[in-house]
Amino acid sequence: MADRVTNVVVAGLGGQGVLKASDILAEAAFRAGLDVKKAEVHGMSQRGGSVRSDVRFGPQVFSPMVPNGSADFLVALAADQVEPNQPCLADGGILISPENVDENLLSNRRCLNVALLGFLSAHLELPESHWLAAIRSNLPSPLHEANCQAFAVGRKMGGIG
Amino acid sequence: MNQAGRMLLSGNEAIALAARHAGVALGAGYPGTPSTEILEYFSELGGKAQWSPNEKVALEVALGAAFAGASAMAAMKHVGLNVAADPLFTAAYTGVSGALVVVSADDPGLASSQNEQDNRRYAVAAAVPMLEPSDSQEAYELTLEALDLSRLWGLPVLLRVTTRICHSKSIVLPRPPREAPPSPVFHRDVRSRVMIPAYAKLAHQKLRKKLAEIARWCEQSPLNRVIRGDDSLGIIASGIAYVHAREAAPRASFLKLGVTYPLAIEQARAFAAGVRRCLVIEEGDPYLVDSLRAAGIAVEGQAEIFRFGELNVGRVKRIIAGDPTDEPPMPPGKPPQLCAGCPHRKVFETLGRLGCIVSGDIGCYTLGVLPPFEAMDTCVCMGASIGVGLGLRHVLGGDQARRVVSVIGDSTFVHSGITGLVEMIYNPPATGHVLIILDNGTTAMTGLQEHPGTGRKLDHKATGRVVYEDLARALGITNVHVVDPTRDGEGFERLLASALKRDELTVIITRRPCLLAARRISELDKAAENKPDHGG
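Protein chains in written order, with the numbering used here: chain A, 17 to 177; chain B, 1322 to 1857.
Bear in mind the hints are in silico, worked out from the structure with no lab data behind them.
Don't take every hint at face value.
[Claimed, not checked] Quick list of the computed label-pair ranges, beta carbon to beta carbon:
1. Gly31(A) <-> His1508(B): 52 to 58 Å
2. Pro156(A) <-> Ser1553(B): 53 to 59 Å
3. Asp1780(B) <-> Gly31(A): 24 to 30 Å
4. Glu1534(B) <-> Arg126(A): 56 to 62 Å
5. Gly175(A) <-> Ala1661(B): 35 to 41 Å
6. Gly1630(B) <-> Arg126(A): 51 to 57 Å
[As the list claims (entries may be wrong)] One side only, chain B facing chain A, incomplete, derived with CB under 10 Å:
7. Ser1331
8. Thr1484
9. Met1651
10. Pro1653
11. Cys1660
12. Leu1688
13. Asp1780
14. His1781
15. Asn1851
Backbone N, C-alpha and C define an ideal beta-carbon position, used for all residues, glycine too.
Let the hints inform the model, and build the full structure from the sequences given.
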């Protein structure tokens, strides 16, 4: 991971926390001292339409957008957003969808986005402390506990902890 | 976020930070994707930022500040510069005493716009220097440079950004704080500032002379730079196209342009001569390629299909490979829609049921064109609903004419609808007309910004308020109604049906707060009640 750019696409519907999730991911990579770029389109996101955010990190990143067929991970917050975003995945790229996390284990189901980041985190070499710091700095304090719990659930299901 | 001096910022945040660091005294604009966050963030950082009724007024306010010697910024989306074009063209003649940067945020690919015009053309047409950043670090740096250039040459400078610059985040290393600009003071200089024909003739000549000097400076400017790679391929690019191209062709040589008007023509000529194939990669119109070719430089452009939409690494690879074949269509996403419980829903249901010909406008409610409503027939630009509706009424036969309704949002009405309302009174169609102002108490589409009809400023503090019903009555409309169709749908339908039958002018204001803003509006209203002496 260290010597090349890692490409992650986060996709979902307006209101699901796509942009929040990608902000947390980008900050975790930023805290690790990497070059980071993140691209998304605002404007229609609150009207329930498709939302996609690209996060890229590594030693040096040029374009902020993940080229088609080169995403190492597609994190889909809504099952119906897997298909339209499938072309972004690289051969051997990993799809992370709501099926990967048992929502019944979440203390708040609205934290699904962060739970899926937990699952993703098990596949990345970013230190857990950076993830937790990024969660705290992107969310108001009353939401910290539920989101850190969701992150831990996802991370465990991803194979760590 | 900030870590050992590094920050992860969007281009919009980087522009705002630079404006703050450079001591910009006033930032004015009108919300428009993808530019909106520039002034919001500038305000959060403690800068004086304001929403004006529209971009023309915003630019005029910023120009006044720059006449007084201050550093000022006007920020808007690409189509906003159409509205502000009038002051821009003549501000190039008058020049400024301080600094004036005009940020034009273009939207290639139409993420949230009605067209994908390329505002690099404005720099040429208005004759103002133009800078284009390629990431957030450059957005920060070039904002500082634009302010410096503007003050040095006494000219407005266009900072041209695009959706992917505005809304992408990348790392910024800010510079140490700089000295504040001198305090504003007005010096009388009528020959420079009063554009009567006699003075404007001289001002035009002075402007062209300045531009020629800037073009000479540009040839040596560090804002344009050569990245020497393999000489088999040389790429000339600017803005977001540059970073896509660096990734698509890592071994190529590059001429990376930070100043895209005036162009460093001789530098480009030498660069092109030094590579075996010289390709121009640009998003939008063939502006660079045409300009370079007009100067006699043999550069290769891109196929016409790449003029449409955004570029990305994959498309740039196709351009380099000379592959003009049809591209695979993007898989369709889920389109946005009016929120469940949106107060506009009832209005469009009713317009559909009554078989109205709906002259629409720009905002969330433009989604009334989509199923299940399909109750919009025209949408052109901010405020056009009224003029277009009147034009339809003037020429259509009575049966159709009596079905024409103009529908405009509250913020859009203040932006460009007021002059349409004046037209309605001045040149009323024989069948009268019906105007519906959809008042949801916010600029919803761009993310819930304030406007003069909310009675609150950009930072949500109370101020004077424009009241549409009072305005309509004062202008001479006798049938003015304020209703809430969500609460009384049948009453609204009866009112609209009877207004359509009468050959009179009617203004109906449908008032109910946007669902997304309702909570904040009621909290702000409560806070204002506790502090009634806000003036205004």
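Which hint numbers doesn't this structure obey? 6, 13, 14 and 15
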